[in-house]
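4 protein chains.
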Amino acid sequence: MTLERWRKIAEWPLIGASAIFLIAYSVQAISDPPGAPGLLLEDLIWVTWAVFLLDYIVCLSIAPRRWHWFYTHLLDFGAVVLPMLRPLRALRVVTLLTVLQRTAGRALRGRIVIYVAGSAILLVYVAALAVLDVERSGAGRIQTFGEAIWWAFTTITTVGYGDYVPVTFQGRVIAVGLMFSGIALLGVVTATLASWIVERVYAQEASRQTATVAHIDALRAEIAELKGLLAAEAEQRILDQEDPDARSGV
Amino acid sequence: MTLERWRKIAEWPLIGASAIFLIAYSVQAISDPPGAPGLLLEDLIWVTWAVFLLDYIVCLSIAPRRWHWFYTHLLDFGAVVLPMLRPLRALRVVTLLTVLQRTAGRALRGRIVIYVAGSAILLVYVAALAVLDVERSGAGRIQTFGEAIWWAFTTITTVGYGDYVPVTFQGRVIAVGLMFSGIALLGVVTATLASWIVERVYAQEASRQTATVAHIDALRAEIAELKGLLAAEAEQRILDQEDPDARSGV
Amino acid sequence: MTLERWRKIAEWPLIGASAIFLIAYSVQAISDPPGAPGLLLEDLIWVTWAVFLLDYIVCLSIAPRRWHWFYTHLLDFGAVVLPMLRPLRALRVVTLLTVLQRTAGRALRGRIVIYVAGSAILLVYVAALAVLDVERSGAGRIQTFGEAIWWAFTTITTVGYGDYVPVTFQGRVIAVGLMFSGIALLGVVTATLASWIVERVYAQEASRQTATVAHIDALRAEIAELKGLLAAEAEQRILDQEDPDARSGV
Amino acid sequence: MTLERWRKIAEWPLIGASAIFLIAYSVQAISDPPGAPGLLLEDLIWVTWAVFLLDYIVCLSIAPRRWHWFYTHLLDFGAVVLPMLRPLRALRVVTLLTVLQRTAGRALRGRIVIYVAGSAILLVYVAALAVLDVERSGAGRIQTFGEAIWWAFTTITTVGYGDYVPVTFQGRVIAVGLMFSGIALLGVVTATLASWIVERVYAQEASRQTATVAHIDALRAEIAELKGLLAAEAEQRILDQEDPDARSGV
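Protein chains in written order, with UniProt numbering: chain A, 1 to 250; chain B, 1 to 250; chain C, 1 to 250; chain D, 1 to 250.
A couple of the hints might just be wrong.
Stated by the list, open to error - Once the Cα atoms are required to be at most 27 Å apart in a straight line, the calculated DSS-like pairs of lysine-lysine come out as: (1) B:Lys227 x D:Lys227; (2) C:Lys227 x D:Lys227; (3) A:Lys227 x C:Lys227; (4) A:Lys227 x D:Lys8; (5) B:Lys227 x A:Lys227; (6) B:Lys227 x C:Lys227.
What the hints assert, rightly or not - The following residues of chain C were derived to be distant from chain D, with all beta-carbon distances above 10 Å: (7) Leu3; (8) Thr168; (9) Phe180.
Said to hold, decoys possible - Between beta-carbon pairs, the in silico distance windows are: (10) C:Glu11 x B:Pro33: 54 to 62 Å; (11) B:Leu3 x C:Gly228: 55 to 63 Å; (12) C:Trp46 x B:Ala117: 31 to 39 Å; (13) D:Trp67 x C:Gly16: 25 to 33 Å; (14) A:Arg141 x C:Ala36: 48 to 56 Å.
None of these hints come from the bench; they were simulated from the model. Bear in mind that the values here come from a model prediction, so they are computed numbers and not experimental data. Backbone N, C-alpha and C fix where the C-beta goes; we use that ideal spot for every residue, glycine too.
Please construct the entire structure, taking both the sequences and the accompanying hints into account.
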């Protein structure tokens, strides 16, 4: 089976597993239910992890260039390995992003916007869950999901009021990830706007528009026509020379 | 009636309603007058809301592709629905921005700058009003309009000192909106500068300037001239051939 | 006298006045000397102000289109009017920037970098002076020049720790100005880098380089040569036709 | 010996010295060992400094245009001089970056990403070390390496929570350097993304692609062919004229 075919087959099960994981982890992190429901959630999380592990092993074993695949899919590797570090397991949901990436394909500006907005919302949500999970038992001020979401927004936008700040090691690792996501977010927003403005500015000054392949093709067509004229003339002359009287009417 | 015509008719009434709403809401949020004046302001705000609701219903009913219009005008929908959530109603004034957008038309760099500067100032003002409205009764430190404006500026620039921070749910929702506006502001400023610098850098190195449509047109004109020369020559030869003695003087 | 000539004459006196103002204001804001030295500094500041006022009046009176000049030189206007608001007078030194702009002329990337770096350093220095001047007597934590500089750096970079924050109205106005300068700084840095990266990326992939005016000129030269060939041939034929025996050796 | 040759020879010893310095300084700043091990570390740091000083002196003496070299290598100068200011000596490791720059050569987008990511990580690490070194003995809150790293990340991303802030003069100088590195980081991320998005957007709209040198070369080839046709025809005519009967079969 080719890697391409496996990915087509695995796509929807992976999205489903991501969604189940996200819901189970959300319930666990926000309400932290004790007893049987808590254990059931724990089991669900482990099952989704098994699905991701299976996908990773299959992909790695059928990839034509195994090391190249490993090197270019470090995010998938992290998504499988991180749950071992239990409180950081929420980051496993980044696989949902890699799944999205598979379906998004080549990115146009419209797709970039949707993909980035989706990633940002998901990142804020997951980071808030994970930080709440690791900070709740500590001495930090982040004690409710609302506070965690508020903290996540102030961090990803690089505003950083400092009214809520993670104080545990794991919480700070998540925070650093979110900060760099914020830089990436800013970069993508700016770059997309820049590409859009450049296009609009030039679209309005028609005579100053950059020469495009379409223009070159038009030029080429005219040169081809010229060549045709020359060739026709050369041929005509040969005919004239071979039979000069046919036309001059002598 | 076409959507285009309705928009022309509705443009100025909508700007007027936005301005009245903004003034009424400002007075209410800053001085919070009790008794009859307070009720009058409340009534004024409801009247402006009715104007926006009317515009929204008319637009939706005469739009050729209703779902497409709904999907591409979510901001208008929000502007109509949000006032229901009373303390967030200030955000309705974002319709003033959509009205501005209608008149601004296609955006050149100059227009982008004016539009962005205007939006930023309006956003800071409205966000300060709305935050003051929801935070004044809470335990937060934002208690005067001056403090609210100061907080809004530190937030939209993503500086985020943290000396004044919203503590209510509604205040934080407004803050998150302002933070993302800050990211957009940064993006627009950067993108506009980038487009300007790229233009200036190339404008100075004339020989390295990008080939434009104007250049291609010049080339085309020369090729056309060449074609004309060829055609004239071919025609001349035919004349010569038909009457070789006319010129050779035999 | 033309505006252009006046500017050439006034350039160095204005730079001198800016430098004197900057030094006098620095000494006043940092050490706040009482008695005679303090009065002398005050006088010096007023003298430099008179120089700027004179320049502004002359420029406005000899400008060909007065309103246009006023509209495009609002910064100069602010530099003259602001000292009236005594504690904000340090902002007058922004005229030094407008003087720099006069000499910098059209901006290439190298010049942009120097101009922006210079502006950023000057802005941080002047904002620190002005904030120290207005905050020292208040209840804020900014009490020494070192603290003011530290605050100015955290603000212009949009880091905003919040350990030192202006608490007076005037101090906050200066802070907002510095925040927006920070956004502009970020924008210029990013835009300059973007223009540089775009250039380097394309410079390396020679065959994918954008077609430039130089290339179009080369094409044009070849087409001109072609036209020359055609013209020469046409002329030669006319000669042949007029005297067919001269060459055919009949 | 040419400067180019010396650089090739000195490259690996310099990387080695940088690595030894980084390790020795890390141990010293983090654990601050007393007695003999501390003195040994101190000696190691001085030895690596001597290596950098030697490289600097040799480069300066064999550079063809000494002042130009000095002017364009201020970073190397700083790396040699700064250790004199003992607590700031960690900044000397920026030479590691200049060494990296030598090997990185002309920067493509891929290389830029690697170089920037490496620089950011190194800067965070070194700034954390240096701040820890100068702040530990002060009244600030930064007392462990973990806190210093956390502070460095919040600073370079311009988030700036303000929960940990340097309070000494030297610590603040390092912080300002890190803030501007953060602005540069943001700029490079954005610019790289912008260049990538612009490329992707245009790559998809083939007919709207910018005309490249390759296209111009194709046009040139066609014009050359045209010229060839013309020349062949002109030559043929001369042959015909010289011997008109050879072909017309008279």
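Could you tell me whether the CB distance from arginine 141 (chain A) to alanine 36 (chain C) stays inside 48 to 56 Å?
holds, 54 Å
Checking one constraint from the list: CA of lysine 227 (chain B) to CA of lysine 227 (chain A), max 27 Å. Satisfied?
holds, 9 Å
Cβ-Cβ distance between tryptophan 67 (chain D) and glycine 16 (chain C): within 25 to 33 Å?
This hint holds: roughly 29 Å between Cβ atoms.
Non-interface label on phenylalanine 180 (chain C), tested against every C-beta of chain D at 10 Å
Phenylalanine 180 (chain C) clear of chain D: closest Cβ-Cβ about 15 Å, beyond 10 Å.
Would you check the hint for lysine 227 (chain B) and lysine 227 (chain C), treating anything up to 27 Å between C-alpha atoms as holding?
This hinted pair holds, its Cα atoms lying about 9 Å apart.
Would you say threonine 168 (chain C) is clear of chain D, with no C-beta pair closer than or equal to 10 Å?
The assertion about threonine 168 (chain C) holds, with a minimum of 20 Å to chain D.
Within 31 to 39 Å or not, the Cβ separation of tryptophan 46 (chain C) and alanine 117 (chain B)?
Because 33 Å falls inside the window, the suggested range holds.
Satisfaction of hint between lysine 8 (chain D) and lysine 227 (chain A), Cα-Cα up to 27 Å
It is violated: about 55 Å lies between the C-alpha atoms, which goes past 27 Å.
Measure nothing beyond the straight line between the CA atoms of lysine 227 (chain C) and lysine 227 (chain D); if it is 27 Å or shorter, mark the hint as holding.
Between lysine 227 (chain C) and lysine 227 (chain D) the Cα gap is close to 9 Å, so the pair holds against 27 Å.
No chain D beta carbon within 10 Å of leucine 3 (chain C)'s:
holds, 37 Å
With the threshold set at 27 Å, check whether the alpha-carbon distance from lysine 227 (chain B) to lysine 227 (chain D) stays at or below it.
With a Cα-Cα distance of about 13 Å, the restraint between lysine 227 (chain B) and lysine 227 (chain D) holds, given a limit of 27 Å.
Is it true that the C-beta distance of glutamate 11 (chain C) to proline 33 (chain B) lies inside 54 to 62 Å, as the hint says?
Holds: the Cβ-Cβ distance is about 55 Å, inside 54 to 62 Å.
In terms of the numbered hints stated before, the structure departs from hint 4 and from no other.
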